[in-house]
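Chemist: Sequence:
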Amino acid sequence: MNFSKERQRAIKYLETKIPMVEDIYGEASCLTQAYTQVLKDLKKEESYYKKECKATGVWRF
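For what it's worth, the numbering used here labels the leading residue of the sequence shown as 25, then goes sequentially.
Treat the hints as calculated values from the structure; they're not laboratory data.
Errors might be hidden in some of the hints.
What the hints assert, rightly or not - Quick list of in silico lysine-lysine cross-link-like pairs, BS3-like style, CA-CA up to 27 Å:
id : residue 1 : residue 2
1  : K64       : K75
2  : K64       : K29
3  : K78       : K36
4  : K41       : K74
5  : K64       : K74
6  : K68       : K29
7  : K75       : K29
8  : K64       : K78
9  : K64       : K36
10 : K67       : K41
Use the sequences and the hints to build the structure in full.
Modeler: Spelled out as structure tokens, the structure:
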């Protein structure tokens, strides 16, 4: 399984869901906050892996 592709799919999914959730429940909803936090973590992880892979030449997916 390619974790990078799964991560990218998760990021895209959350980026489309957050505005929908905000429209329904309002920006301060717990669901919006949870989605936003997961999205931040995924993006941070993605950039970390890209930097590490570039620096070491070792792909860890």
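Chemist: Against each hint, give a clear statement of whether it holds in the structure.
Modeler: Consistency of the hints with the structure:
Taking the CA atoms of K64 and K75, the gap is about 17 Å. The hint holds against a cut of 27 Å. Using a Cα cut-off of 27 Å, the hinted pair K64 and K29 holds, with the two alpha carbons roughly 17 Å apart. The suggested pairing of K78 with K36 holds, with an alpha-carbon distance near 23 Å, which does not exceed 27 Å. Proposed proximity of K41 and K74 is supported: the alpha carbons are some 25 Å apart, at most 27 Å.
Proximity of K64 to K74 is assessed by CA-CA distance (about 15 Å); at most 27 Å being required, the pair is judged to hold. Straight-line distance between C-alpha atoms of K68 and K29 comes to about 15 Å, which keeps the hinted pair within the 27 Å bound. The suggested pairing of K75 with K29 holds, with an alpha-carbon distance near 16 Å, which does not exceed 27 Å. For a cut-off of 27 Å, the pair hint linking K64 to K78 stands: about 21 Å separates their Cα positions.
This hinted pair checks out: K64 and K36 have alpha carbons roughly 12 Å apart, not beyond 27 Å. Of the pairs offered as hints, the one joining K67 and K41 holds, with about 16 Å between alpha carbons and a cut-off of 27 Å not exceeded.
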